[in-house]
Amino acid sequence: MKKIKKVLLLGSGAIKIGEAGEFDYSGSQAIKALKEEGLEVVLINPNIATIQTSEFLADKIYFLPVEPYFVEKIIEKEKPGAMMISFGGQTALNCGLALWKKGVMDKHKIEVLGTSLESVEITEDRGLFNRTLIEAGLKVPRGLAVESVGDGLRAAEQIGFPVMLRSAFALGGKGSFLCYKKDELEEKLRVALSETRQVLVEEYLEGWKEIEYEVIRDRADNCLAICNMENIDPMGIHTGESIVVAPSQTLTNSEYHRLREIAFRAVRKLSIIGECNIQYALNPENGDYRIIEINARLSRSSALASKATGYPLAFMAAKLMLGYTLPELKNPITRATTACFEPALDYVTIKIPRWDLKKFARVSRKIGSEMKSVGEVMAIGRNFEEALQKALRMLQIGMYGFVGNENYSFRNLEKELSNPTDERIFGIAEAFRKGWSVEKVASLTRIDPWFLHRMKDLVDMEKRLRSYSLKSLPYELLLEAKKKGFSDKQIAIFTSSSEAEVRERRRQLKISPSVKQIDTLAAEYPAKTNYLYLTYNGREDDVRFRPSRKKIMVLGSGPYSIGSSVEFDWCAVNTVRVLRQLGYQTLMVNYNPETVSTDYDMCDRLYFDELSFERVLDIYEKEKPAGIIISMGGQVPNNLALKLHQAGVRVLGTSPESIDRAEDRHKFSRLLDELRIDQPPWKEATSLEEARKFCDRAGYPVIIRPSYVLSGAAMSLVFEEKSLEKYLKKASLISPEHPVVISKFITGAKEIELEAVASRGKIVASAIIEHIENAGVHSGDATTVLPPQKLYLETIRRVRLIGEKIARALKITGPFNLQLLARENELKVIECNLRASRSLPFVSKVSRIPFIELAVRAMLGLPVSNGRSIFELNHVGVKAPQFSFSRLKGADPRLGVEMASTGEVACLGDDLNEALLKAMLAAGYRLPEKSILLSLGGEKNKQKFLDAARMLEKTGFKISATEGTSRFLKRQRIENFMLFKIHEKRQPNLQDYLLEKKVDFVISVPDPGKPAAFDSDYRMRRLAVDLGIPVITNLQLAESLVNAFASRKIESLKIKSWDEYD
Amino acid sequence: MVGYVEALTDPSYHGQILVQSFPLIGNYGVNPEDFESERPQVKGYVVSDYTEYPSHHSSRKSLRRWLEEHRIPGLYDIDTRALVKRLRHYGVIPGVLVVSEKPVRIKPLIKEARSLPDPNAQNLVAEVSTRDIHIYNPEGRKRVVLIDCGVKRGIIRSLISRGVSMVRVPDDYPAEKILEFNPDGLVISNGPGDPAQCRAVPTVIALLKQNLPILGICLGHQILALAAGARTFKLKFGHRSQNQPCLEEGTRRCYLTSQNHGYAVDAGTLPSDWSIWFTNANDGTNEGLRHKKRPILGVQFHPEASPGPTDTEFIFDLFLEQLR
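Sequences listed follow chains G and U, in order. Here the first sequence stands for residues 1 to 1062, numbered as in the numbering used here. Here the second sequence stands for residues 1063 to 1386, numbered as in the numbering used here.
It cannot be assumed that every hint is accurate.
[Stated by the list, open to error] Straight-line alpha carbon distances no greater than 25 Å define the calculated DSS-like cross-link-like pairs of lysine-lysine that follow:
id, chain 1, residue 1, chain 2, residue 2
1, G, K528, U, K1298
2, U, K1147, G, K622
3, U, K1105, U, K1169
4, G, K693, G, K744
5, G, K528, U, K1147
6, G, K762, G, K726
7, U, K1169, G, K440
8, G, K330, U, K1147
9, G, K358, G, K693
10, G, K510, U, K1147
11, U, K1164, G, K510
12, U, K1204, U, K1355
13, U, K1298, G, K330
[What the hints assert, rightly or not] Listed next, with one range per pair, are the computed distances between beta-carbon atoms:
id, chain 1, residue 1, chain 2, residue 2, range
14, G, S469, U, I1140, 27 to 37 Å
15, U, R1176, G, L582, 51 to 61 Å
16, U, R1167, G, G583, 42 to 52 Å
17, G, G38, U, L1380, 35 to 45 Å
Derived from the structure by calculation, the hints contain no laboratory data. All C-beta atoms, glycine included, are put in the ideal place defined by N, C-alpha and C.
My request is simple: use the sequences and hints to build the entire structure.
Below is the structure:
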């Protein structure tokens, strides 16, 4: 063992596309492994919603940017003996490399644990990487590293088109492009080389199988391949965008073991210590291979592999990095056998990415070599069909499985299959329904026919099922359907019956799923594992069930998506912790492989399975727990509340009828009226005429909420009469049976949130959050402040009173969140969620009020004592959204009512300016050094920003401005440099200034009167995003930031850990 | 999860009903190049789910067709995990596969299974060993005689690919006649059943008196141990998987190995001039031995892999280095 006392661990910062919850999982495991050795752990991670930044894990936590500047300051302060940089994704790795190159590790005598930085550098530098592997006799794609456009074009000539363009230091495949033609390549080379010094031009391996191995190696040179995975979508689609199956399904023994052997040769050549991911392309015609990529760190794939096999890769990697050898470690699943083994699986797992592309304006829905998905799900089954259908339901996108779905259509199916979007999998179902052959679909998709045959089986099964009524459906066929993963709902659709009737029929026929263990050894040894899943391909349960009044089931969050992320995992994990501390047995249900809640050591039993009514009820009926908590996992479990309640399930906390009253807009609006709580004008309309009348009176814009029994229909913001008609007609959303609720959308008001816990209708703890952005920006995209800095005491008092009224009326027990608008002292309620909200970890950590504990105690009916008041805080917390626009080609970074952020960070400071500046830096903004561009749409925006512009000038910033803004500023005697907009094609043009980075910060506030579609500043914002230049589009945020710039220099930001604040 | 063709053709499974714990079988079809012997050796095959549509460039036929051609019955769509748990608990047990249109009465079948002769009391090796002498790679630099107790082709491949010439002889081939080949070394192969029943034991006792480099693999390892004077015993949980970790004594190395055996060498009974070479990291049973002074090696696992990990192929190199 090495003699170290204190280890510095780098986190990955906010959740972004390409870097998501998996690093909360790997970091948390690393901390556990280090704590087990008695080491002190200092963690840097501004992602306040993570579990790794909880009191019970690391010893010291810094909510500061994972950036060389801050990390070095923390090193100077903490003087750690060692550092770990491979548990925080590419962010931590890049930061570590930068520090190492600066000589910081040498200077402070810090050992970097695990794989040497020399080796890491090889894996990150494409040219070096290729040379090293070729030296070891291994095959890599033919390609050349180039540093200029000319060299790139020559390389492509040599290799032959099409070629793949990749840039080094990339995460999630950013900066990789497929080019078929010379001029296309030339353009892409220019863009890529503007971001990075070096790019790689490579042979294109379209249609080859894409295979991954997760490998670990110890210092005694023991190597293991813990898991191999096969991308169902072959080469050409980023592995993060691919449907992946583990273990591989179409490789022979000799292929499997040859690639395994090559992986070992590669990791030995690179002297990897710890964990490493290796990606191959495998030629389906002849078995030839290329090594595509090696990641010498924990990755998304390693998290998936951990959950797919039960082998805790991150935990083990940390132990190996500390100097253990594999035979010295035990398999934590069996607790009897050695950790030096490769898991044997007796099930199959499928991962499917979760996209949210509909949320972004103008973004292309094509998937390819760049990552766009925001989350993923993993399903476990005893056959491929079962796992596939489970996984598709798990996505929570309104699909019932592979077949039986309603809400999609393809204009050009052939194109969909050969040039896929995020919906291709459903296109395959459509193709088979049309009678296309496996060969045809295979040649279009290049997906291995083995998978396609299995998919076709499901379409055939649908046809067979459709020829029966539920009554006439034979036992064997019903059982076969269940074995192939058909849900009760799907069977109900095919047999024209209801989900409840199918369930009842199953009960009569005694067709029910079995609970199986994931034991890493395919039952070869007895294992004490609590890692479970359900399957119909089994005839007995692996575990026994004892009904208990001290047993509680907790539902997790499902997939990460826009609006539902790691914060709900934090809530769920903390709920389970509190329950366990109170002496309860806990059952966790979740299926998101990126989470900590799906670590089998967090709860007493982990059900890695669907969060559907059917499956939750299956588990509930077997386990017979005392109750179920649905309010800690966000909207997915919350949506099940009423149905479960009606099925006789004991839902803990606020009654599901009350939840329904808050969720059903019509009921909620009526309730507010009854309580005499003000709300924006609203109307329940049953006809277009009625809707039009209301809108004329109240004025546009309005929010339309369809009747919530219509699943899949989302609320929408409508700016004018034309779109009102179009919207209501198109979706035939409005009818006397299905009225819509229309409310006036208020902009320009201040937005406030109340975060609270109540017990039997009485608030026992609360906090008020202030938004920097005015209403109009989705609350998930808002920059929020705690405690509020600019609210009147009277406003705060009134918010509380409203909260108390609602809590009483709905008899709330548990967490809830209230959103309000304030203008002067007038308050209007806009939304109420009777569940834990996105802000709960932020509020809990900044205030140190144990909201989760209070909520859980309240839900269990235990006495709850009042928490402390947030107004006693001597510090300020600011939560800032993290956007991933740079990955979403074409997306407009302009903020609006649709949430667009993928994650968030939060930092603490002595005052608002300090906390805000830290938070913005942590969210990836860089401070302007050269020139700030101002482009303020509309007269109002210009007027309002005037003071801020003066302050910028006074602070010494150089200001550039687009024509109208420039003229306005000049009239006000504010010196600035005028630049023409890109579409104006006149000099001096903004485009050149952005490309040359003479402008390094953009404030582009659109005219609120103009719809986004006519916004001529889109190209400017988009180019800035593509070039990595910060863009601010909200006036209030811009003003606050200017204040912060003026009052604070980066050097003045205090390096204080969480526990140093109070 | 891979390697069903190799397993089905492994003579060590001769006469058994093989149950596959990984549920999806047959995916890449059947390719004769993967065979470990001429034909499938099992009496029956049990899987959870198999495919009618294999997909691989090397596939020549589907698993179903291949088994049908050899008249080997298969069973699918049962809970193989439930079955594996029972096999783990009771060890290898007699079984009956029945094909019937009508509902089956279980009781008489249990009786039938119980009355089956104990395969370990039979001379299974004789059923799978070669009847004739085969010579491979006659031009090879060194000559190795292989006592075939049910050899996997992988062992032969691993040796001839390293340039040696091989003479494969039946398991009851006498020692004097083996020596007539003037071998540079001797390999005792894998095979089915109880080593104590093997006719090769006295042969090896005789050959141990010669100063001949010897390598015993799996059953061959057990035969070697018996010939050296050690004892073997039946394991409670046999080793039948591709992920058996074996520690190399005196090092910190641990290798993943492919195994298929129900008996093991009792390391405590090894004579003093032998040392333990490998030990199973899970259950501590013996996985390898070597003579302290002479070039004699035995490994319980399959260094030739197929199916399974190729980590221990170096055993062949080590053996070849010691050939006369």
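Among the hints numbered above, which are violated by the structure, and what are their numbers in rising order? 6, 7, 9
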